[in-house]
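Here's the letter readout for the chains.
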Amino acid sequence: MKKIILISFAVLALSACKDNKQTHNSESSNKVTTKTSTSEDIPNNPLKEAYFGETHMHTQYSLDAYIGGNRFTPDQSLRFAQGEAIELEKYGKSWQLKRPLDFAAVTDHAEYIGEAYTIATPGAKGYDDDAPKSIRDVDNLEEGLKLFLKYVVSVNRSSTPSHPEFYQGVNSTMSAWKIMNDATEKNYKPGKFTTLHAFEWSGAPNGGNLHRNIIFRDTIVPNLPVSYIEANRETELWKWLDEITGYGSTVLAIPHNSNASKGMMFDENMPNGEPLTKEYAEARNKYERTVEMMQIKGASEVYAAAWGSDEFADFENATTIQNFSGRSFDKKNFVRYALKKGLQYQNELGVNPYKLGFNGGTDSHNGFMANVEEDNWTGGHGLADMTAEDRVNNTVDGWAQVYDTNPGGLTGVWAPRNTREDIWDGLYNRETFATSGPRMKVRLFAGYGYKDTYDSYNAFVKDGYDKGVPMGGDLEVKEGGSPSLLVWALKDPMNANLDRIQIIKGWYDNGELHEKIYNVAASDNRLQKDGTVTPTDAKVNLETAAYDTSKGSNQFMITWTDPNFDPTQTAFYYVRVLQIPTARWNLWDEIRDNVKFPDQVAKTVQERSWSSPIWYTPK
Amino acid sequence: MKKILKEPFLHFIFLGIVLFILYGLVNKNSNSKDTIIINDFDVSALISKWEMQWKRPPTEKELQNLINLNIKQEIFYQEALKMNLDHNDEIIKRRLSQKMKFLSNDIAAMIEPTDEDLKGYYKEHSDKYLTPPSYSLYQITFSPDNRKDNYKDAVETLKQFPNASFDEMKVWGDALPFSYYFEDIDANELGLQLGSKFPEGLKKVAIKQWAGPVQSGFGVHLVYITEIKAPTLPDFELIKKNIIRDYEYDNQQEINEIIYQEFKKNYSIEIDIKSEDFDPKFVEYLQTELNN
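If you're matching them up, the sequences are chains Z and E in order.
Heads up: the first sequence at position 531 corresponds to 514 in the numbering used here, and the numbers run straight through without jumps.
To get the numbering used here, take the position in the second sequence, counting from 1, and add 28.
Hints in this document: simulated from the structure, not taken from any laboratory.
Watch out, some of these pointers could steer you wrong.
[Claimed, not checked] So the derived label-pair ranges between C-beta atoms look like this:
#1 Z:Y74 with E:F189: 50 to 60 Å
#2 Z:K81 with E:V46: 38 to 48 Å
#3 E:A258 with Z:K81: 18 to 28 Å
#4 Z:V578 with E:P160: 50 to 60 Å
#5 E:Q243 with Z:K172: 25 to 35 Å
#6 E:Y208 with Z:Y448: 15 to 25 Å
#7 Z:E372 with E:A108: 32 to 42 Å
[What the hints assert, rightly or not] With a straight-line cut-off of 27 Å between C-alpha atoms, the simulated DSS-like cross-links for lysine-lysine are:
#8 Z:K108 with E:K100
#9 E:K268 with Z:K175
#10 Z:K81 with E:K257
#11 Z:K169 with E:K268
#12 E:K129 with E:K110
#13 Z:K445 with E:K198
#14 Z:K129 with E:K77
#15 Z:K108 with E:K83
All residues carry an ideal CB built from backbone N, CA and C; glycine is no exception.
Work the whole structure out from these sequences, hints included.
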């Protein structure tokens, strides 16, 4: 297998020219970048703009999605992402995003794209065999589940995955990968809509989720993606990434669903059972720049039972994922734990393996790219949750009760232009934020000599860059200097106002890990001198699902100084922006389709956005 | 041939002929003594299928066995057909109706549109390809963040300074991260930045003067529109790719529908619902709707 990958390495013939490929700056400076020659005509905004997109999406080339009823091609999904309506004959209805996305990546499971190709392509070798036929004929959930168990679960969720019997070999995988890449190329419109070449490596030893989305910076992609079958653990995945890097690819990996990783995503031990080494930390740090903070199967920031001191931890925890596949919640499956643990490794190994910025995604398996708005949701898994009734009654097999899942999130990237290289560089430099769906924007800078207030947004941002680093970067160490943070957030013009801004600090002190949440801004004059905030009294109308338009803020723009800053402590800071309460998707279902969800299902949520952290590492 | 294929009404006739021939073939078979012929093609197919599964050729014994199994399946299949066991089998129904659909998709795919067709389509659906209107405008925002009654403030500002210059008016708004002046920005982009209410509201205000308040996702605005560019139709050649895509999609839907409707003419659909659980009005509705 390895040989094939190496020999048949492909370069899609395009103008992306290797000589101009940028190099990433060193860890300490974290600033971008030079430009390729591909998209010179597109104007450059040095203050950068926030672009919203999706980095996690399945089409019919993911076998589990196909069995679940997904018949969308990557091309159709990417067109949906740009605002086109898609009609489903089976339901006699059409669907459309309320707003187009700025960028998107199709990330089908690399494991079985060949099988899905065989099933979906009339005339393909093996198309008329029994298994592909029976999979094509599925039109109800029960039948689908049986086939899902037979063809996906039984061969993939063990520690030694394999192809199902009807696999037609490497040619079918190459055909599918080519279709995915062609669709990605076809839909790229520099300056308007960016597509990224991508796939998902779906490692799940004994059901513990270690999945990573692999995202390419340009069109230099290998002839085949790597799957869990060839690369059994993350360490082998990184080796493969090293290999393709050697052949000219520029690539990063985004882990997700640490909440379902059974302690494996941020384990103290490596796959071989030995404690984490510097080499492991370096490889991880090199490729894994961001982590998916939230998606349809739950948020991975924190969970309520273990973070009692965080009053907003009880948000899309998807607690019923503990009822499936032998999972249970543990602090070490969550991102805030990993960020803190990373500080410890920084001190012990000199490298932080978990220096992670934030992504949001959906992981939708029904082909509806980034359909994240609560009032427009149509489930994430096809036959399992397509209708309101399905969503009341069904489970997402092996995962959770549907009512415990959510429409998923978006990734915001700060970039000077909406081109493939600029979006990718934003991801690489972690100048990203995750949102739980609404298009709130958030900025964070840390530096020295910032003013207490600014007259304009542009002056604020300019000073942010001139005297410090943006989110995802490292605050400079300055002897005797007193750093401060610039924080800004803007509401989504098509959604509710903002409730407050919080800064979450984690630090390492004499072998111990700490965290603290600071309220730094609140709407309607609710921030008290002692840093507490009177909870918002904005209510959701449970009859109409309307949110309160009289409460909350449009925008916050503040300068904040950490009252407990200690220049000798390794630390990180990230921002969490909260919206005032709005209706959760199930309330829309209840109102529109006259269904009833169990009482324990929350009817409202406080949507939010998380900025990537800024780190401080004493010399 | 191409011309004929383009006449939607003839599709049905074309299909009819195909079906007639097929029917003739099947009928002839049932008149003669039943014969099952195993030819080179069948045997090679069996062998390659075996090789795919077992990664080696079958032995002679295995091949014999395969052929026997195949004959058995064929005989059962033929006898089952004679006993009408295929009737009302959900899977067979689905499969066959799917095959019919593939057939009509194939017909649709055979028709390559000429430039003339495409231009006609482009003309007929020109609203689909119109660019949104674009605006050049000045705006100031009255945000509820900083005001008790932002709407009233906007109204009063307009009343007090209806003829203010661009420099003078600038100071009355609140600092939000939007330009004071937008040059040639299209309505969709304005909607993304400020919320869809804003471009809607712009349609209702006078141009070349301060006007408003216009609502957005961030409060209300006073605007001075200096120029509106009406929606334009992009050149045919520029968007030909999109037109082909839309034409082919619509054409396929249309042909599927025509073929379905032609077949449907041969059936009268009767609703025979007696249960009182169903609203008689609903039954009546079904009866009339389904026969249309």
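Structure-based check of all given hints:
| no. | hint | in the structure |
| --- | --- | --- |
| 1 | Z:Y74 with E:F189: 50 to 60 Å | holds, 54 Å |
| 2 | Z:K81 with E:V46: 38 to 48 Å | holds, 45 Å |
| 3 | E:A258 with Z:K81: 18 to 28 Å | holds, 26 Å |
| 4 | Z:V578 with E:P160: 50 to 60 Å | violated, 37 Å |
| 5 | E:Q243 with Z:K172: 25 to 35 Å | holds, 31 Å |
| 6 | E:Y208 with Z:Y448: 15 to 25 Å | holds, 22 Å |
| 7 | Z:E372 with E:A108: 32 to 42 Å | holds, 37 Å |
| 8 | Z:K108 with E:K100 | holds, 25 Å |
| 9 | E:K268 with Z:K175 | holds, 19 Å |
| 10 | Z:K81 with E:K257 | holds, 25 Å |
| 11 | Z:K169 with E:K268 | holds, 15 Å |
| 12 | E:K129 with E:K110 | holds, 26 Å |
| 13 | Z:K445 with E:K198 | holds, 21 Å |
| 14 | Z:K129 with E:K77 | holds, 25 Å |
| 15 | Z:K108 with E:K83 | holds, 15 Å |
The structure shown violates just one earlier hint, number 4.
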